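Enquirer: If you want the building blocks of each chain, they are given just below.
There are 2 protein chains.
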Amino acid sequence: MKFKAVKIDVNSGDNFILLNYSDAKKLDVQIGERIQVIIKGKKAVGIIRITTQMVKEGYIGINSRLLNELGVDFENDITVEAKKIEINSSFDYIRKKFKGFDLNENEILQIIRDISEGKTSDLETLMFIFSSYYNGLNLEETINVSKAMAETGNKINITGKVVDKHSIGGVPGNKVSLLIVPIIANSELYIPKTSSKAITSPSGTADTMSVIANVELEPSELISIVNKTHGCIAWTGKLGISPADDKIIQLERPLRIDPEGLMIASVLSKKIAMGIKYMVLDIPYGKGTKVEDYNYGIQLAQKFKDVGDALNIRITSAITYGSQPVGHTVGPALEAKEALEGLMNPSKAANSLLNKSASIAGLLFENTGLVEKGLGYDSAITLIFSGKAYRKFKEIIEAQGGNPNVKPEDLPIGQYTYDVLADKEGYVTFLDNSIINYIARMLGAPYDKGAGIYLFKKENYKVAKDEPIMRLYSNSESKIDATLKYISYNKPYMISGMLLESYP
Amino acid sequence: MKFKAVKIDVNSGDNFILLNYSDAKKLDVQIGERIQVIIKGKKAVGIIRITTQMVKEGYIGINSRLLNELGVDFENDITVEAKKIEINSSFDYIRKKFKGFDLNENEILQIIRDISEGKTSDLETLMFIFSSYYNGLNLEETINVSKAMAETGNKINITGKVVDKHSIGGVPGNKVSLLIVPIIANSELYIPKTSSKAITSPSGTADTMSVIANVELEPSELISIVNKTHGCIAWTGKLGISPADDKIIQLERPLRIDPEGLMIASVLSKKIAMGIKYMVLDIPYGKGTKVEDYNYGIQLAQKFKDVGDALNIRITSAITYGSQPVGHTVGPALEAKEALEGLMNPSKAANSLLNKSASIAGLLFENTGLVEKGLGYDSAITLIFSGKAYRKFKEIIEAQGGNPNVKPEDLPIGQYTYDVLADKEGYVTFLDNSIINYIARMLGAPYDKGAGIYLFKKENYKVAKDEPIMRLYSNSESKIDATLKYISYNKPYMISGMLLESYP
Chain A
537 MKFKAVKIDV
547 NSGDNFILLN
557 YSDAKKLDVQ
567 IGERIQVIIK
577 GKKAVGIIRI
587 TTQMVKEGYI
597 GINSRLLNEL
607 GVDFENDITV
617 EAKKIEINSS
627 FDYIRKKFKG
637 FDLNENEILQ
647 IIRDISEGKT
657 SDLETLMFIF
667 SSYYNGLNLE
677 ETINVSKAMA
687 ETGNKINITG
697 KVVDKHSIGG
707 VPGNKVSLLI
717 VPIIANSELY
727 IPKTSSKAIT
737 SPSGTADTMS
747 VIANVELEPS
757 ELISIVNKTH
767 GCIAWTGKLG
777 ISPADDKIIQ
787 LERPLRIDPE
797 GLMIASVLSK
807 KIAMGIKYMV
817 LDIPYGKGTK
827 VEDYNYGIQL
837 AQKFKDVGDA
847 LNIRITSAIT
857 YGSQPVGHTV
867 GPALEAKEAL
877 EGLMNPSKAA
887 NSLLNKSASI
897 AGLLFENTGL
907 VEKGLGYDSA
917 ITLIFSGKAY
927 RKFKEIIEAQ
937 GGNPNVKPED
947 LPIGQYTYDV
957 LADKEGYVTF
967 LDNSIINYIA
977 RMLGAPYDKG
987 AGIYLFKKEN
997 YKVAKDEPIM
1007 RLYSNSESKI
1017 DATLKYISYN
1027 KPYMISGMLL
1037 ESYP
Chain P
537 MKFKAVKIDV
547 NSGDNFILLN
557 YSDAKKLDVQ
567 IGERIQVIIK
577 GKKAVGIIRI
587 TTQMVKEGYI
597 GINSRLLNEL
607 GVDFENDITV
617 EAKKIEINSS
627 FDYIRKKFKG
637 FDLNENEILQ
647 IIRDISEGKT
657 SDLETLMFIF
667 SSYYNGLNLE
677 ETINVSKAMA
687 ETGNKINITG
697 KVVDKHSIGG
707 VPGNKVSLLI
717 VPIIANSELY
727 IPKTSSKAIT
737 SPSGTADTMS
747 VIANVELEPS
757 ELISIVNKTH
767 GCIAWTGKLG
777 ISPADDKIIQ
787 LERPLRIDPE
797 GLMIASVLSK
807 KIAMGIKYMV
817 LDIPYGKGTK
827 VEDYNYGIQL
837 AQKFKDVGDA
847 LNIRITSAIT
857 YGSQPVGHTV
867 GPALEAKEAL
877 EGLMNPSKAA
887 NSLLNKSASI
897 AGLLFENTGL
907 VEKGLGYDSA
917 ITLIFSGKAY
927 RKFKEIIEAQ
937 GGNPNVKPED
947 LPIGQYTYDV
957 LADKEGYVTF
967 LDNSIINYIA
977 RMLGAPYDKG
987 AGIYLFKKEN
997 YKVAKDEPIM
1007 RLYSNSESKI
1017 DATLKYISYN
1027 KPYMISGMLL
1037 ESYP
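Quick mapping for you: the protein sequence lines, in order, are chains A and P. Reminder that position 62 of the first sequence reads as 598 in the working numbering, one-by-one numbering, no gaps. Reminder that position 129 of the second sequence reads as 665 in the working numbering, one-by-one numbering, no gaps.
No lab work stands behind these hints: they were computed from the structure. Each statement offered as a hint is correct.
Far from chain P by the CB rule (all over 10 angstroms, computed), these chain A residues:
1. D609
2. E754
3. G822
4. T852
5. K884
6. L906
7. L911
8. Y952
9. G962
10. E995
Which residues of chain P face chain A? A partial, calculated answer using Cβ under 8 angstroms:
11. D545
12. V546
13. N547
14. I567
15. I586
16. M590
17. L659
18. M663
19. Y670
20. P790
With a cut-off of at most 27 angstroms between alpha-carbon atoms, the simulated BS3-like pairs for lysine-lysine come out as follows:
21. A/K1021 / P/K635
22. P/K1027 / A/K620
23. A/K774 / P/K561
24. A/K632 / P/K1027
25. P/K1021 / A/K632
26. A/K655 / P/K783
27. A/K783 / A/K578
28. A/K592 / P/K543
29. A/K826 / P/K632
30. P/K538 / A/K1021
Quantities reported herein were computed from a predicted structural model and do not represent experimental measurements. For glycine and all other residues, C-beta sits at the position ideal for the given N, C-alpha and C.
Excised from the complex, chain A in its bound form:
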């Protein structure tokens, strides 16, 4: 059916289409169903809403997100062809997985393609996510999802030895990429570090870097930056790599879920698309992380290796200490500040931050054959203390449109603060990662860049009664209030003497 277009200024988070009631009847479509629209030969899919007055018969309302996807300029009364999308076979495959059957390569490709093209509804995509969570994806399926996600998106071509590091997440304050990237970029290696925005954590690497530089890079910008500086820290969102994964993450994020098979495919599809050949995977291990059982950590490392081998990516896993936050800060601006200070003045930096960054960078040096086994850590730490990593970081900041001379104190941390005081004297015997992550999000992170937590006291620190343990930051006073209410029932720390309990 043909329509004349009307632009509708509604941002609904999806491709919004508004049809007159009678036209919807003629097209035989319901609210929430999808139709394909074609303008000047360009096609996109939109989700239907219905009106009786706002759009007249013969007209079709479309929002700017849909226009952007079509890539055509809007003109009044431009002709739009609209077609109902018939039942898609990928839904049958999703149901197959839902019922517990394995999917073959073609079935997976069809599902992933339809997700990437917006032809599956959010509910159907979520059904695929939950089915993958509860029934699992086997090795073959994980490889096929990774390949399908990469195939249905852009590829970034960088000539040279391209490497990356990636953390599966779970430990708060893990700002190590801001140190690792400039260390590696000092060598002949290329490290186009990409990161999605935070899924379950209060700050992803891209959220943290965004405080200092522009992370929303187009493919051509990223390539020219990396060719020049050997490194970058970019958000995946504008690169068009693995678009199906972006859609999946968008649904997982508000629910704070992250099924293993899809998590592996999410990581590796993006590495395929970025042309990564060597990778170190950071698996934080310890209470309150995603990996509380050491054997599970080893299993996960093996799975990544197996999938990586099939995809020609050499993956080494680093199982790292993750029982408490890395460094002292949690939240985008606070973490960016700590990373910057660490590069500028490493002698004052938290040991956990320097040690972890240099360990992972060292593994990359060793695995690519650049540095002899056993010498990677030293090479990396030397690059930090010599100031070379900081100079490289400034180059990268500048290449990404930031101010290379930015000072830590310039970074916009939250205007409202509250100090949480120790309720007794003793030693901090426990910091609860899950609660720390959760309250950092309650405070507004990662959307509120200034929100987060500064930890004065970490595990094994001695603390006096009423001494501040941590400072909360937010740009919303009501969020601080809500967080205080929450932590009055869910304490993020534990203080004990050396005697934990006497019995009987």
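Given the coordinates of chain A, assemble chain P onto it according to the supplied hints.
Expert: Showing chain P alone in chain A's frame:
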């Protein structure tokens, strides 16, 4: 924050709120988040979309669905108070179930209340559905979900012995309620039969009845009809009973899923709300139904009995033959036609239809003590053949605003038809319920009331080559085409000689 209201004529399937970009920032809300709006003391929750032009700063756009829920008349510039909804604890409980833990009564009440009040997002509600599917709901949880669903909605009070029948579905063409209700309503029993619209089938009882009479009854209308005629067949949608279940069904329907625990709670919450004291549960058993394993049927019957006992509803299950459709028709108008013909002229009706209807009605007569054990079927079948059931049905049709003298040939069946011919000579040895359900939906049922299937040949019928096996009906030619394409790969019937295979 206070706003002036603007009515926005958009039907998005939910409570639609449109805010200016700057107001959304001030309220600190994102697209897809929920806010509570208060007009003249009435409260409701809406889902946010954002605009830069369509609604000015200081104004809030709301659609008529939201206004209806508030129950206030719209006036221009009426004052609206809007509040951000803080993190709700029910999401923590949903996550608890997601991880496989059992929920207690209060946790379940909180989840169900939030679903009923629109305070959980569709994605969160779907997470509860999938978690209940994969982790199951135990007896205690099922009882608590049933009670919570009933408590958070309207209650219908009818004085007298109130009974009902219910089918778990799965067998196509199950129009027996249109015969059972007038049989029962001939006695001193009251049968306020309510039905949701079809979930996974091409026609629910309410869809079928809607072809003949008004099924969208308000509580007071239903009560007065049932007081007068002792029976009705109504859609649950306008009764306001078990609103959380309506929301859950709305999400399950497009995904064609129906987790057992929620299914039991869905049925029984509505029976609690309707004040039902005796119920016969129809469990169709056989290949292609929901119950393909006899023992599972017995188990399910026991679960219903256990939950019913805790809720003071005496439930008897009828495990019925379900390997092929009941009667000859599938689809709303076709089924209404067959039921009406059956009551008007039972000697020509399909045996499966009469037998099943009288069996279930008979069980109700016996269980309530109205008729001696063993005599229920005879009493019921007599009421059909004497014409009393038909006269009662006319009373009910009239009470529900339909034409009591409606003729079967008046019913609006699909304008396009296609006869599927036998591909060889032999006996029909198999009719595939799943495929028949699926193609009836492909043809447009239940939304297209005229869409469906007439089966000329059922199992064990002899058929000649090129003789019509079934006739497809639809009001959309393209749906007939799509269906034909589908059945060329997925045959809904099997024809064999008596010799099924020779070996070797």
